[in-house]
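Asker: The residues making up each chain are set out below.
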Amino acid sequence: MLTPEDLAHLCQLARLRISEEESARLLTDLERILGYVESLDEIDATASAGSAAGSTSLDAAVDHFREDTLVPSPPRSEALSNAPQVIDDYFAVPTVVDYGKAAE
Amino acid sequence: MTTDTTLDPAMRARWEPVIGLEVHAQLRTETKLFCGCPTKFGAPPNTQVCPVCLGHPGVLPVLNRRAVELAVRMGLATGCVVREDSIFARKNYFYPDLPKNYQISQYDRPICEGGALTIEAGGRTHGIGITRIHLEEDAGKSKHPEQAGDHSTRIDLNRCGTPLIEIVSEPDLRSAAQAHAYLTALKQLLQYLEVCDGNMEEGSLRCDANVSVRRAGTTPFGTRTELKNLNSFRFVERAIDFEIERQIRRLEAGGAVVQQTLLWNPSLGETRVLRSKEDAHDYRYFPDPDLPPLRVSSEWIDRVRGELSELPAAKRARFERDYALSFLDAGVLTQTRALADYYEAVAAGEGVDAKSAANWIASELLGQLNKRGLAIDESPVSVGEMQSLMQRLGERKLNGKLGKMALEEMIESGATIETIVARHGWEIVADDASLQAMVDQVIAASPTQVAEYRAGKESIYRYFVGQVMKLSKGQADAVRVDELIARALRGEP
Amino acid sequence: MSAPVTPPATPPVTARALAHAVRSGELKAAAVVEASFARLSRVEPTLHAFLSLREDAARARADEIDRAVAAGRDPGPLAGVPIAVKDNIVDRGGSATCASKMLAPFVPTYDATVVERLRAAGAIVVGKANLDEFAMGSSTENSAFGPSLNPWDPTRVPGGSSGGSAVAVASGVTPVALGSDTGGSVRQPGSFCGLVALKPHYGHVSRYGLVAFASSLDQIGPFALDARDCALVFDVISGFDPMDSTSSPHECRIGPLALERPVAGMRLGVPRTWLTEGLDAEVVRVMDETECRFRDLGVDLVDVDLMPPRYAISTYYILANAEASSNLARFDGVRYGRRSAEARDLNSLYERSRGEGFGPEVKRRILMGTFVLSSGYYDAYYAKAQRVRALFKASFDATLNQVDAILMPTAPTPAFVLGEKTEDPLSMYLSDIFTISANLVQNPAVSFPAGASTGGLPIGMQLYGRSRDEATLLRLVAAHERNYDGAGSALAPGAPPTRAFA
Chain A
1 MLTPEDLAHL CQLARLRISE EESARLLTDL ERILGYVESL DEIDATASAG SAAGSTSLDA
61 AVDHFREDTL VPSPPRSEAL SNAPQVIDDY FAVPTVVDYG KAAE
Chain B
1001 MTTDTTLDPA MRARWEPVIG LEVHAQLRTE TKLFCGCPTK FGAPPNTQVC PVCLGHPGVL
1061 PVLNRRAVEL AVRMGLATGC VVREDSIFAR KNYFYPDLPK NYQISQYDRP ICEGGALTIE
1121 AGGRTHGIGI TRIHLEEDAG KSKHPEQAGD HSTRIDLNRC GTPLIEIVSE PDLRSAAQAH
1181 AYLTALKQLL QYLEVCDGNM EEGSLRCDAN VSVRRAGTTP FGTRTELKNL NSFRFVERAI
1241 DFEIERQIRR LEAGGAVVQQ TLLWNPSLGE TRVLRSKEDA HDYRYFPDPD LPPLRVSSEW
1301 IDRVRGELSE LPAAKRARFE RDYALSFLDA GVLTQTRALA DYYEAVAAGE GVDAKSAANW
1361 IASELLGQLN KRGLAIDESP VSVGEMQSLM QRLGERKLNG KLGKMALEEM IESGATIETI
1421 VARHGWEIVA DDASLQAMVD QVIAASPTQV AEYRAGKESI YRYFVGQVMK LSKGQADAVR
1481 VDELIARALR GEP
Chain C
2001 MSAPVTPPAT PPVTARALAH AVRSGELKAA AVVEASFARL SRVEPTLHAF LSLREDAARA
2061 RADEIDRAVA AGRDPGPLAG VPIAVKDNIV DRGGSATCAS KMLAPFVPTY DATVVERLRA
2121 AGAIVVGKAN LDEFAMGSST ENSAFGPSLN PWDPTRVPGG SSGGSAVAVA SGVTPVALGS
2181 DTGGSVRQPG SFCGLVALKP HYGHVSRYGL VAFASSLDQI GPFALDARDC ALVFDVISGF
2241 DPMDSTSSPH ECRIGPLALE RPVAGMRLGV PRTWLTEGLD AEVVRVMDET ECRFRDLGVD
2301 LVDVDLMPPR YAISTYYILA NAEASSNLAR FDGVRYGRRS AEARDLNSLY ERSRGEGFGP
2361 EVKRRILMGT FVLSSGYYDA YYAKAQRVRA LFKASFDATL NQVDAILMPT APTPAFVLGE
2421 KTEDPLSMYL SDIFTISANL VQNPAVSFPA GASTGGLPIG MQLYGRSRDE ATLLRLVAAH
2481 ERNYDGAGSA LAPGAPPTRA FA
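Protein chains in written order, with this note's numbering: chain A, 1 to 104; chain B, 1001 to 1493; chain C, 2001 to 2502.
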């Protein structure tokens, strides 16, 4: 049973701001979907080889490396071209600094 | 709040500190872990980035083979088991210097596990366990506002994607001094292996500490705090000491240690809260579906093991044995591989005395270089020139004093020893005829002193030597002079 | 909105016929591109297949190709062929909106590998096609810029999430298109629009430049009018890519001859237990007709067993949403994309930009994905789903040891009406019931036109292939085409039915 607090926590983890209205709808929808996927409880998968190595291990993994050779970086103008805010060649965001209190 | 009173030793003795260090080392690769951008330090902001390390839509990571090789090297050098199959995992959290808002790291199956490092502290050696070593990508840098009225944090993503290994120690350290020794040994090993240049000022070596205390003689661990922002060896030691004392005071006063992440503030000399357990991240680790499991074959591991250069401890022991050096001197000369290699090359020269070379390099050369802020690999005195100097000293064509002067000039001007000796005419006078003449001259000119000597004042002997050296402008062969003076004073012809 | 769409003046021409004509100099690429844009301007106001066009670039490229041909150079196997590309695939200087407000302002600074390969083969991208936002959906109704409409009946959805790409081909604007398939997003719109639509074996087509939804499930796939065109495009876009660590080094080109081989003596498996509930009666009928056609071709049909599909849905939605929640974390308004005007501090920058930028379906999936990865739930959901996924793979491989391919419908119904499934997300998910397993087990699968409803809506059938074996699938589809009168196929002359086209 997903509570509004659970949903709020998930929204915090995912950095999603939702309205009251969205919250109510989401709770119902998520309940339904999570209820449906509970069907997996019916399966005993203990013997399965999956999970340990992740999704792409379904087929034998192939070694795939890059050599340590330089690929020239694109010009800075390109790197910054989509930035919503640039200050002095840096990406800029509203400040995050918060030097907190002394240890308790 | 700072405290001026040091902890009462009796109080301190009731508690045992338990410390573990997590060290992040930037690998010495040309390019980043998952893309071909350069890793050089100090470039103008956002000039070493591409769509991959910028986390653009649609990009994918491709693993740098050399980074794996360096991680394996460090793992083998610390006696770890290198896993033939390890997994990259996503560590999910939001931060502006982390473009994908997840870091590609390793979680459940790191590439190396179960090693150890031997350290010396307090006159004893200790084996410190290494829990694991894993590969991960670095984040960018945030510049926070420094002036009132400025409300923007500036992000430079050059560093983003640089390959790191994270080396996690067991909580086997028992003091700030031991932590310092561990960090020193780790840095030395990383430099020896050419895995990392170990520069804490530039951030290629970073350290976090986990600190707790428990009543002396007990086993269960106390609650620990995590210390961050320890960006010099000094800070590591001071911060750990501060935190140990803070915890002890708290516990002695009947309080409890709160599990927190603390930031070391060097100007205040104290730790401050960064975040509490409640704010602790849920990183939601899961295997990165963009990367297949990392396979390191046993052949690959064997090859790296075979290519492993001699490690510092082994080299030190060998220097003691083969070059008849003291433990201390061998230690100085094996501090860095560059220095050790330099010394060995010099000592291999024909006519070079190994012990003498050790002294000259360890004190004279290093001293002169340090004065000028030069590292051994920036030494204007080449191996060949150093050998030349040692040979001349050995053949007594130069004496100690002139040798020091010559060395200083070699460093200053970069000129060869031959040029310098010729320029100053510093060849040692060694032919008996000239020497005898000078001895005779001095003896003849010093009847009083001769009489005093013959009367039993042995300390006046030095006067004659000094006078001959002065006469020869310091270029007389001191050993032969000594013999000739002794004969003259004995009255032998 | 329900005004029917006029069919093209001449029957649609295949990509290979166009390329042949351009390479031989018979036809100018410039003329082909103009015809494409002319057709587009007629149908686009009704059907809304495209989010942006590439008129200048397309015309310039066409001129280049014509000059190359005149100079005696070969511009490639898709010379002059207009193509629509789903707008979750980046094209440099163009767009990758993913049909989302979040990425509306973004201008890509690199090309996806498939776009580079198309260009090198002479194909001409005429525009970026509409989709469900971030490829999450089965109808294009989740697009932030309005849905695309089915050319066979514009009151109905074209399917999704690659609906725009399917519409571009089915309405005669381009003979081929690229979409992406994570749980059926190429095959299901293929079925709803009367096209051949292929999901390649995972790793055969590079994902570099495909905005990731679920990394272990996504594959780019072609839409075409027939099997041979489909194989042609697949051969151009497939193959190892050093920029994608999940890219397969296996040789997977099909080539023209493979499709000519007869299919007599091959065996098709039918998972009867999958076909008992929820199937539209017309789909059942078309399934029977398809089985008959294959028998006429000398193919054996046998009943086979597979793990129940409801488990596939559950497994899929846990894994796909988990991966998506992480893949979409990068969209935060910091370095690119839409930043909220209300951002006062870092946290509100994230929360508002993402809250405003993402639609409801995307938020649903991100939150569910966050949940199944979160502390305390990982084992019960994510880890469990991984294990079940491996069981599915074993189940399919075991069956595919006995047969050459598995036959089943692509979707439980023909194209549904706009708005029919938008109230209940779960019902939308269940429309993927037949397609989703192919992504889980990573095998190739194809949807092909096999009939039409009495109302004239296309009904596609689906073949699941052995690991890495696209060739056998398209060979079976090519054989089926030889034995088929073309009802419900966008290629057949005289089709589509009159209700859709005036």
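The hints are simulated quantities; they were obtained by calculation from the structure and are not laboratory data. Heads up, the beta-carbon is just placed ideally off N, CA and C, and yes, glycines get one too. Misleading hints may appear alongside valid ones.
[Stated by the list, open to error] List time: in silico DSSO-like cross-link candidates among lysine-lysine, alpha-carbon distance up to 30 Å:
id: 1; chain 1: B; residue 1: 1457; chain 2: B; residue 2: 1371
id: 2; chain 1: B; residue 1: 1141; chain 2: C; residue 2: 2028
id: 3; chain 1: B; residue 1: 1228; chain 2: B; residue 2: 1315
id: 4; chain 1: B; residue 1: 1040; chain 2: B; residue 2: 1143
id: 5; chain 1: B; residue 1: 1091; chain 2: C; residue 2: 2101
id: 6; chain 1: B; residue 1: 1141; chain 2: B; residue 2: 1091
[As the list claims (entries may be wrong)] Here are the computed distance ranges between Cβ atoms for each label pair:
id: 7; chain 1: A; residue 1: 95; chain 2: B; residue 2: 1321; range: 38 to 46 Å
id: 8; chain 1: A; residue 1: 24; chain 2: B; residue 2: 1149; range: 23 to 31 Å
id: 9; chain 1: A; residue 1: 95; chain 2: B; residue 2: 1065; range: 35 to 43 Å
id: 10; chain 1: C; residue 1: 2155; chain 2: A; residue 2: 32; range: 42 to 50 Å
id: 11; chain 1: A; residue 1: 62; chain 2: B; residue 2: 1218; range: 47 to 55 Å
Asker: 38 to 46 Å was suggested as the range; check whether the CB atoms of residue 95 of chain A and residue 1321 of chain B agree with it.
Answerer: violated, 59 Å
Asker: Going straight from one Cα to the other, do residue 1040 of chain B and residue 1143 of chain B come out at no more than 30 Å?
Answerer: Roughly 19 Å separates the two Cα atoms, so the pair holds.
Asker: Does residue 1141 of chain B pair with residue 1091 of chain B here, judged by a C-alpha cut-off of 30 Å?
Answerer: The given pair, whose Cα atoms are some 18 Å apart, holds under the 30 Å limit.
Asker: Mind checking the alpha carbons of residue 1141 of chain B and residue 2028 of chain C for me, to see if they're no more than 30 Å apart?
Answerer: This hinted pair is violated, its Cα atoms lying about 53 Å apart.
Asker: For the pair supplied as a hint, residue 1091 of chain B and residue 2101 of chain C, confirm whether the alpha-carbon distance does not exceed 30 Å.
Answerer: Holds, at about 27 Å.
Asker: Does the alpha-carbon distance linking residue 1457 of chain B and residue 1371 of chain B stay inside the 30 Å limit?
Answerer: violated, 42 Å
Asker: Are the Cα atoms of residue 1228 of chain B and residue 1315 of chain B separated by 30 Å or less?
Answerer: violated, 34 Å
Asker: Return holds or violated for the Cβ distance of residue 95 of chain A and residue 1065 of chain B against the range 35 to 43 Å.
Answerer: Holds, since residue 95 of chain A and residue 1065 of chain B (Cβ atoms, about 39 Å apart) stay within the stated range.
Asker: Using the Cβ atoms, figure out if residue 24 of chain A sits within 23 to 31 Å of residue 1149 of chain B.
Answerer: About 42 Å separates the Cβ atoms of residue 24 of chain A and residue 1149 of chain B, which means 23 to 31 Å is violated.
Asker: At the C-beta level, are residue 2155 of chain C and residue 32 of chain A separated by a distance inside 42 to 50 Å?
Answerer: violated, 27 Å
Asker: Is it true that residue 62 of chain A and residue 1218 of chain B lie within 47 to 55 Å of each other by Cβ?
Answerer: holds, 51 Å
Violated hints for the displayed structure, listed by number in ascending order: 1, 2, 3, 7, 8, 10.
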